[in-house]
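Fit chain B to the supplied structure of chain A, relying on the hints for placement.
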Amino acid sequence: MRYLSLIASRLLKAVLVLLAILILNFFLIHLAPGDPAMVMAGEAGATDAQFIADLRERFGLDQSLPMQLWHYLAGVLTLDFGYSYRQQMPVLDLILERLPATLLLTGAAFVISLGCGIVAGMLAAMRAKRPSGSLIMGLALLFYATPLYWVAMMAVLVFSVFLGWLPAYGYDTVGSDATGLAHALDVAEHLILPATTLGLFFMAVYTRMTRASMLSVAQQDFVKTARAKGLAPGMIQRRHILRNALLPIITLAGLQAGQMVGGAVLTETVFAWPGIGRLMYEALMQRDYNLLLGIFFFCALLVILFNMLTDVIYRLADPRIKEAA
Amino acid sequence: MRTTTFLRGGLAVLCLSSGLMTAASADTAPQPGGTIDVAIQPEPPGLMLGLIQNAPTQRVAGNIYESLLRYDTDLEPMPQLAESWEISDDGRVYTFHLHHGVKWHDGEPFTAADVVFSADVFLRETNPRTRAILEHVASIEAPDDDTVVFTLEQPFAPFIQAFEVGTMPMVPKHIYAGTDFRTNPANNHPIGTGPFEFTRWDRGSVIELDKNPDYYEPGKPYLDRILWHVIPDAASRAAAYENGTLEVLPPGSVENFDIPRLSGLDNSCITEKGNEYFNPFAMLWLNDREGPTADPRFRQAVMYAMDRDFAKDVLWNGLGKVASGPFSTNLAAHDESIEGYPHDPDKARALLAEMGYDGTPVRLLPLPYGETWTRWSEAVRQNLESVGIKVETESTDVAGWNQKLAQWDYDIAFTYLFQYGDPALGISRTYISSNIAKGSPWNNVEGYRNPEVDKLFAEAAVENDPAKRQAMYDRIQAILYADVPVAWLMELGFPTLYRCNVHDLITTGIGLSDGFKNAWIER
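Each protein sequence line maps, in turn, to chains A and B. Residues in the first sequence are numbered from 0 upward in steps of one, following numbering that gives the first Met the number 0. Residues in the second sequence are numbered from 0 upward in steps of one, following numbering that gives the first Met the number 0.
Everything labelled a hint here was simulated from the structure, so no lab data went into it.
Listed below are the simulated DMTMM-like cross-link pairs for lysine to aspartate or glutamate, each with C-alpha atoms no more than 25 angstroms apart in a straight line: (1) K403/B x E56/A; (2) K467/B x D89/B; (3) K437/B x D61/A; (4) K210/B x D176/A; (5) K172/B x D53/A; (6) K403/B x E281/A; (7) K454/B x D482/B; (8) K437/B x E56/A; (9) K403/B x D53/A.
Just so it is clear, the structure is predicted and the values come from calculations on it, not from any experiment.
Here chain B stands alone, though its shape is the one from the complex:
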């Protein structure tokens, strides 16, 4: 059991239980029944997970839709719609055996044909991230109703990580085949195979999901109903948790400075679990093309100038981890020998003097996601100015932030990226030169070009020998660490707050985003 403590003064700490494997859930049998009240922010634009890939959509729709697999907190695959699976020795053929007797919410049977349709037709058209993964797939076939075979062009070890519900949601072929997916009326009443069914959505107020009475896992789900409360103001969400209306505040629903107070309430628990798969990784885009940030010595100076421990302790309540380098520490490919840049202002000043920095101001673009990010940009600005870098903050809203990054109109910009459990899925996209293109805030925005890194990433992705693959990833980490194409800040600790009598809320590495299947309320 992992416990989280706050080190800040004046904080009486907390309920020490953490979501996974709490003592209570180990010796008490789950009690069925009850309604759970959860905050959702912002209101999702829709609930059809195959069409919309943003976080609030998945948080709700992860209860409605399912994929073939789930992942535990060490990112090992677990069965879901696939009962079992085999990977051929050459790493090219993935065979999935589907669960028997699974039905869609409208009563139609779920079969291998649905899997083939979802992956090969629907998601290839609608989901850019899945589309990129499926580039590795030569064919998807259903030899019978219960078996699906994915044959890859060449081995691609991270493929087994791609069956998370947001990446590869199963959608019903009998509803979508031959229609215009985006205007299909079923999008307003999503039909999945998941433990909860869509009931109603009063826009601006509430989304209601009810228990799927025909769910194929016996006894589950335990809860009768999930109510997602749409509350646009962070302080109001905090008040609603405080007065007992809400039982769960998912990661990111309240401002960080409210978290110590809320977690200190009676019967209030906090956990960092459930972020393992996405593992949001905060960094600064540095514009490698022009201005002072084009010089690697300047970029190293930025790393040395920042007091990232301060940001972690003060802005993030001590949650999360200061990043050691380009790979987050929970990835198998992370090189443990990398120590990370220390806070060393003198070294930063020396590097700036060595490159002959002339005081050209750099523009700093904060992330427009609330107060924590505003304060973080102020802290970084102060760090940079203290070593002699001239900083101009350029604040904007979300649309403006997207636009500026997509058009490369910045010098230093805050962002955070999901890791998706493997460097080939979540990390290479930031550094390979084939991913340099205007028009997206999520590709190689910084403009880093290094043929050796390109080659190593390409070879590592399709290398089937783990030892050889690790050697390549070690080399990549060493190169990136020295070049500092972007400045790595933190692996973010986004905690979930919940009433302590809610058990088994988070049982996978995907956390609240793949559903309340196991959750139950003790009365």
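Chain A on its own, in the form it takes in the complex:
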């Protein structure tokens, strides 16, 4: 019963937050100068008043702002996210078409960064006083501090242009008719550079955090007790230190997972990955209000979902949290 009411109150809050985000976003993007009709007229290189008036009427931009908001909210309640002015397709279709590519990229980056980050952090903690530990931390600092787009460009130059090992851009080989396993391998090959690039920053963060957290847990009394009991050092590291050191990492992983839809704009742009991030950036530039609001909605939804999921995982990792709730 307590669980049910807890879940119900969380869901209610989530719906209210989503609604607030929608309304706030709606007014925010209308604050930006220009509108989609002006952008499209601008691109046409020639225009007249009738052309712009036609566009505004077609997009419903000739109505007052509150009316536009009302129509939009009414649409969203029936899961109708409207029509992209520019791409001339329903917003939901556009988003669903691009979502798999983005989730594949950010999901792969998530796994790479979390997996490698924790392992590297553990190694660094266990070799805190040795050169190999310092080397790991040095690399982590480097990846932490280097701008993503630069890493991306350098990766393309080195691995694609000079060495020719990996494709420079895209989701699969354009023009190849591969299917099944051959296609999956083709996509995987295209995935390596962008996923690694995108994962580097968070990998560095996880490495630093795992190391710091493990070193601080290692100072605590129960670890001394475990040692005094004569437990094997590996066992102490895994069962006692790592598990207790995981909580801050879960928090951070929850944050990273929340960015899975909208967090890859730069990577998708440099690698021409046909995902949501690029769609969002283009929609912003073109003042494609409906599309932009739709993407914001999905981003917000994902953040809320992962926040809830993080809470659940906390409880699994550390049963003491249940009592506190």
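Here is chain B on its own, set in the frame of chain A:
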């Protein structure tokens, strides 16, 4: 054969062949077959050329759709869907005889009824630029299936320049008649008469066009397939050309500073051809209404202050031409006797002193189209500041730039305009006072009003005697040159980069924008 050389130090120059009439294509027969990989940037919003008039749309859809004519690099009309044509002596009746046996991609025959529908119904509703040209047309009739007659209200000599595919694309009557053009489902699968057919479009990745097997010109097109690669980042496009994935980089697809490096690669050719019809002309909108820019002496001072040769050599790799005045040099109406404003900072300072410029700052709006334009605005700012003009740069994105110009909220702003082969189509729109209206970044944005210029432009457009027309255009150029309503920068040199074994890529004055009909790959 025209060759292009870079004058900058350290540049080993290039493959000296230029797209048109290369030696190789003259003595080798075209080889059919093959796929060509081309960059497209930005991704077009749609491919229905009758509805969408922006450059990337035309670049792709210029292969799918056709118009009655094409234009060579001297802007002389060439046959396309019209085999031949006559213009009556009084300059009012244009008769076109259509090619026989032309079919739409869905197999329906193309007839004169399609031409009448496209021009008189479809484009009058959807295309503002064509709508303005068609104001001169009293009637469009099809006496039989192969003949179309345009009767004009009065002579309008540039009318023969209006049958370029982006201006007057032929659209299928059997698909669009009686429908809402903008929501017609066929817009997602465009049907034209062109050498290539639409096959698929994976949004964000690739647009595929395949050879039209029933094309009416025997043997053409030579290529089997065109793949347009959507790559949003300029540096990534450069890398894709460098590693051999792409074979053609259309004008504007990479940053100018990458061009010397890319054109220096093995088997890499560069050409400036194919820009003759549009001839992008860069200029600064000066706000003639208010502030320091309202004084003609200030505007002249801006012209004298700018080192445009520097911009050409450093920012544009020496490509293009410094503008002499309001008319680009490849227009027949250009007055050759105009020398152009030299770079003369002292004269600029003298003019500013004469008008009593009080140091009021002017706002400079760069064009948000990439790094070259940002740097150009920095160069101009430096030029202006060196003669004592106080400049504040106001950067914004494309939507903000459109908005500021449309609302006249600027002092000096970068832009570039297409010329469309005739002053009445591409130039008068910038200077005539009837074209002053808020809400568009493409009309008389600067707010210039001169009754004599208005009258001369109106009379020249409908004057049928070439000598009289030229006299009027000479007079217009002299007036505008002195008044400096806008500051003329450059006729831009937008080069196309391509693999040297691609031949006959550019064979008209419209360049890549009217298709790959003649292109072939040597293997």
